[in-house]
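As a plain string of letters, each chain reads:
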Amino acid sequence: SAVISQKPSRDICQRGTSLTIQCQVDSQVTMMFWYRQQPGQSLTLIATANQGSEATYESGFVIDKFPISRPNLTFSTLTVSNMSPEDSSIYLCSVPQGPNEKLFFGSGTQLSVL
Amino acid sequence: AQKITQTQPGMFVQEKEAVTLDCTYDTSDPSYGLFWYKQPSSGEMIFLIYQGSYDQQNATEGRYSLNFQKARKSANLVISASQLGDSAMYFCAMRRPISSGSARQLTFGSGTQLTVLP
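First to last, the sequence lines map onto chains A and B. Residue numbering for the first sequence follows the numbering used here, starting at 1 and increasing by one per position. Residue numbering for the second sequence follows the numbering used here, starting at 1 and increasing by one per position.
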């Protein structure tokens, strides 16, 4: 499977600031996904990062709050903008790989907003 | 719409014993994929095992096996010879057909917290 590097691994941020999370894959992939996991909850898809076009956002998520970049086939960033304590979550990037396009995840970013 | 149900919020197992984590699903798609992931306290999501809806045999990966009962729409994870390092949250997930517009995205269950006792 691909090696998926995600950083930062964790951060503590102040309300009203923004944090950009990076996801680097060691091979080219057509799709990258960003998920959010709120405390004690399951994973929810935020958006699909498409290379060369705007990201596709799921219901309840908007570009102004979670802008995404995908400059090439190995890299993507997710920004959490104007943060509030409700944004405290684990954020994970994921890519489909191999036969049956199994979904593999980065190591995650644990975000705490004070 | 797809739905994944994990009815066991927490499970305990003695070290070296086997444990079954339950997962049921609901979908109208004839073709789909089922996944299990392990999430330790560090937060990463570790892929464990995959089962395709048309696969004839139950999937196995080392100590992990998937008890797939299509008619009952269940995909239970069996962990044999439990180890202390197996203590983690386990998520069942389902994916729609590759051909669909929302392919490769996963719908997750609520998870089961497994604790292995020494």
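It should be emphasised that the hints constitute simulated quantities derived from the structure, not laboratory data. Don't take each hint at face value.
Unchecked claim - Calculated lysine-lysine pairs in the DSS-like style (CA-CA distance at most 30 Å, straight line): (1) B:K16 / A:K7; (2) B:K16 / A:K102; (3) A:K102 / A:K7; (4) B:K3 / B:K70; (5) B:K16 / B:K73; (6) A:K65 / A:K7; (7) B:K70 / B:K16; (8) B:K70 / A:K7; (9) B:K3 / A:K65; (10) B:K70 / A:K102.
Against the structure, the hints:
1. In summary, the hint linking K16 of chain B to K7 of chain A is not supported, as the alpha carbons are separated by about 36 Å, beyond the 30 Å threshold.
2. Taken as a hint, the K16 of chain B and K102 of chain A pair is honoured in the structure, with Cα atoms around 29 Å apart against an allowance of 30 Å.
3. As the CA atoms of K102 of chain A and K7 of chain A are separated by approximately 22 Å, the hinted pair is consistent with the 30 Å bound.
4. Annotation: proposed proximity of K3 of chain B to K70 of chain B holds, straight-line Cα distance about 15 Å (limit 30 Å).
5. At most 30 Å may separate the alpha-carbon atoms for a hinted pair to count; K16 of chain B and K73 of chain B meet this at roughly 29 Å.
6. Restraint check for K65 of chain A and K7 of chain A: satisfied, since their Cα atoms lie roughly 19 Å apart, inside the 30 Å limit.
7. For the given pair, K70 of chain B sits about 29 Å from K16 of chain B by alpha-carbon distance, which is consistent with the 30 Å threshold.
8. Straight-line distance between C-alpha atoms of K70 of chain B and K7 of chain A comes to about 39 Å, which puts the hinted pair past the 30 Å bound.
9. Between the alpha carbons of K3 of chain B and K65 of chain A the distance comes to roughly 27 Å, so the proposed pair stays at or under 30 Å and holds.
10. For the hint pairing K70 of chain B with K102 of chain A, the CA-to-CA distance comes to about 20 Å; that is within 30 Å, so the pair holds.
The structure fails to meet hints 1 and 8 from the earlier list, while all remaining hints are met.
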